[in-house]
Amino acid sequence: MEFDSKKAATENGVDIVTIFSQGGKVNAKLLAPTMERSLDKPSYVAFNNGLRVLMYNDSLGIESTLSAKKGKYLEAEGNVYLTDSVVVINKKGEKLNTNELNWDPKRKIFYSTKEVFITTPTDSLHGWGLEANEDFTEKKILKVSGPITVEDSTAVN
1 MEFDSKKAAT ENGVDIVTIF SQGGKVNAKL LAPTMERSLD KPSYVAFNNG
51 LRVLMYNDSL GIESTLSAKK GKYLEAEGNV YLTDSVVVIN KKGEKLNTNE
101 LNWDPKRKIF YSTKEVFITT PTDSLHGWGL EANEDFTEKK ILKVSGPITV
151 EDSTAVN
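For the sequence shown, this note's numbering assigns the number 1 to the initial residue and increments by one for each residue that follows.
Among the hints, a few may not be true.
[To be verified] Simulated restraints on C-beta separations:
| no. | residue 1 | residue 2 | range |
| --- | --- | --- | --- |
| 1 | A9 | K92 | 40 to 50 Å |
| 2 | A9 | R52 | 24 to 34 Å |
| 3 | V144 | D84 | 17 to 27 Å |
| 4 | L74 | K114 | 10 to 20 Å |
[Said to hold, decoys possible] The calculated SDA-like cross-link candidates involving lysine to any residue, where the alpha carbons are at most 20 Å apart (straight line), are:
| no. | residue 1 | residue 2 |
| --- | --- | --- |
| 5 | K29 | G78 |
| 6 | K91 | G78 |
| 7 | K72 | R52 |
| 8 | K41 | L74 |
No wet-lab data here; the hints were simulated from the structure.
Quick caveat: nothing in here was measured; it's all calculated off a predicted structure.
Glycine included, each C-beta is placed from N, C-alpha and C at the ideal position.
Model the full assembly from the supplied sequences, consistent with the hints where possible.
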C-alpha cells in the first residue's frame with residue numbers, strides 16, 4: 001500500500017521542452033527525453049536520462065549550451081542541480097567539464113564545489129569549485145591547480 005501511494009505522487013513525461021523566462025523574456029530552453037515529477041513536498045522534477053539546456057541573450061541568440069546525464073529541478077527554489085558528465089560550452093568555444101554543477105536561473109549563475117576542467121582556445125584550467133555567469137563569459141575557479149597562461153599587460157603591440 002505504501003509503494004502504491006508513492007507511485008501515485010509522480011507524473012512522468014517524454015520528449016520534454018521547458019521554457020524558462022523572467023520578466024517576460026525567455027532566457028533558457030530545457031530539452032530532455034524523459035522526466036519524472038514528484039508531487040510530494042518539496043516537489044521536484046528529475047531528468048534521469050539526460051538533458052540539454054540552451055541559454056539565450058535578450059535577442060534570443062544562444063549564449064551557451066549545457067548538457068548532463070542527470071538533473072533535478074527543485075520547484076520551490078527554482079534551482080537546477082546537474083550531475084554526471086556535465087558540459088557547458090559558451091559561444092566563444094570555451095568548455096567546462098565537471099561531474100556536478102548547480103544553476104540558479106534567478107541569479108543567472110552557475111556554481112560548484114567539485115572538480116572542474118575548463119578548456120579555452122589558449123589554456124586548459126583545472127581546479128575545485130566554480131562560480132560563473134550564465135553565458136560563461138565570466139568565471140572563477142575557487143582553487144586552481146596547474147599552470148595558467150597570463151597575458152603580459154605591459155607588452156607593446
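**Request:** Hints the structure violates: just list their numbers, smallest first.
**Result:** Hint 6 is the one this structure does not satisfy, whereas the remaining hints hold.
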